[in-house]
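Enquirer: Single-letter residue listing:
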Amino acid sequence: MIAAITTNSWWLIILAWVITGVVLAWYAVATIRRGRRLSRQVPPESRRWL
Amino acid sequence: MVHDALIIAGKDLRLEARSRVALNQVLPFVLAVVLLFGFALDADTALLRRATSGLFWVTVLFSAVIVVQRSFAIERQDGVTDALRLSSLSPGGIFLGKVVSLFCQLIVVEVVLGLCVVVFYDVTLSGGALLAVVSIVATVGIAAAGSLYGPLAAGLRNRDTLLPLLLLPVLAPILLGASRAFETALGRGVGGGWQWAAMLGIFAAVYLALGVAVWGTLLEET
Amino acid sequence: MTESVPAPPAVGPTSTSSRGTRVLGAVCLVGLAVTGLYAFVVTGPDVRLGNSVRIMYVHVPTVTAAYCLMIANAGFSIYTLWKKSTFADLAAHACAEVGVVMLGLTLVVGAIWGRMTWGAFWVWDARLTTTALLFLMYVGYLAVRGLPAPPRVRATRSAIVGIAAACLIPVVHKSVEWWASLHQNETVLGKVNPNIEGNQYFTLMLSMVVFALVAVWLTIHRFRVLWLTEQLDEVGVDAAIDERRAEHTGVEVGR
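Protein chains in written order, with the numbering used here: chain A, 1 to 50; chain B, 1 to 222; chain C, 1 to 255.
The following block holds chain A by itself, in its conformation from the complex (with noise of 0.2 Å):
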């Protein structure tokens, strides 16, 4: 299936830091649409804490 893994295979350290930044990527849209979608939602005197 995939060549002899070693500690030189390329396409698995790329895995991991494509995987890394996607996730974190993903969570941070994520959250900032969220935050967009509930902005428009409150009254404006109270969307932040300060």
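Be careful, since some hints might not be right.
What the hints assert, rightly or not - Within a straight-line C-alpha distance of at most 20 Å, the following computed EDC-like cross-link-like pairs (lysine to aspartate or glutamate) qualify: (1) C:84 to C:233; (2) C:83 to B:221; (3) B:11 to B:82; (4) C:83 to C:230; (5) B:11 to B:75; (6) C:83 to B:220; (7) C:84 to C:230; (8) C:84 to B:75; (9) C:84 to C:234; (10) C:174 to B:221.
Unchecked claim - Label-pair distances were calculated between CB atoms; the ranges are: (11) B:126 to C:82: 46 to 52 Å; (12) B:49 to C:42: 51 to 57 Å; (13) A:33 to B:49: 56 to 62 Å; (14) C:235 to A:8: 52 to 58 Å; (15) B:76 to A:46: 33 to 39 Å.
To be verified - Computed footprint of chain B on chain C; a stretch qualifies when at least three of its residues, placed anywhere within it, have a C-beta under 8 Å from a C-beta of chain B: (16) 130 to 141; (17) 154 to 162; (18) 165 to 179.
Simulated from the structure, these hints should not be mistaken for laboratory data.
Note that beta-carbon positions come from the ideal geometry of N, C-alpha and C, so glycine has one too.
On the provided structure of chain A, position chains B and C as indicated by the hints.
Expert: Using the frame of chain A, we list chains B and C on its own:
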């Protein structure tokens, strides 16, 4: 506080003696699990003997979840929680009482489980002192953890399934330490049985301290 | 029957971003780019781990960020119990959630790294095992937060679970570490040249700082979303109360 603890422990144990739920349900469950492990491991006696310590404590952990659930479900019924809040019993005392009652029930489970294991897995007991000490210390830890997470997660239908998720990861180090110590006692392990017992002691102390400190808030607000 | 909430006027923040977070976000992106550059171009393969050492620059920062977040969660949880502050309660939640994401990443990346260096995804390495247990404990925390309950009750319960989990981190860590040493289980990190220095050391430190900033950015946004959710619930309750009052006075007037 000790006096309050004894009142609560007495109440719970009397309740148990009268209703015999642990006896009628948990002990057969224990036997069932022993058999199930036997089937799962293909009745490979040598393997079962080697795996005994771990299987023993896994079974204790699962039984503990059931016993904790029951112990706090009875509080939910008939507004007992409110009665406890209104009583003049100190929350720390109530917590310790719960710990004592859970401890007693779990010790009974462990003794019976020990008998089952000796019979079904063909184990010869040795290192009795270590076995006893580790059992006691580990069970205190389990009882304390159970009494801490029990009120949060036991007794209500939509919360019951949360208890194993909360309790088992937290009890994992106890499982680790107790299994290793048992292995050493039974002559199989890599050594350090008494050090594991010490670690179990630390664990128990942390949980007891947390419980006493925090139970008041738990009772008031949940 | 239910009035729809009237569209709020254009003033006021329209998202959870602020000038501060935009700056922080930009810094994070630049930092990540620089880290990537250092990880892949500037530093060379390790003496013992080969090119797989480049995974260290993403594995270690996620676990250190997670640890910091767990400590922050513990701090906020204590403050919640002590001062009954909604801010602390929501902040604790945000920290835990981002922390769980980080722990999850640590596990997955750690397993990949393990596969490369040990040949197996999991050899009960002390760090990964501890991380797995912590992950479960904080997933439990998030589950407790998800239970339907009045905000004050939910805050107290979660704070207790958070504090208990934090108290356990050292115990779990020590016991698993000791256990792993009995089995002479290797840690992947153990294979790295212990005298890590020069470019490798710098890249590692840089990546830890950058990921910590990313974690902070994520936590701030998550906190603001939680705050909005909280406000929405309150707005909903207020609206329902007003409606009831209106019904009542309507009946009186009608008489």
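Enquirer: Among the hints numbered above, which are violated by the structure, and what are their numbers in rising order?
Expert: Hints 8 and 10 not satisfied by this model.
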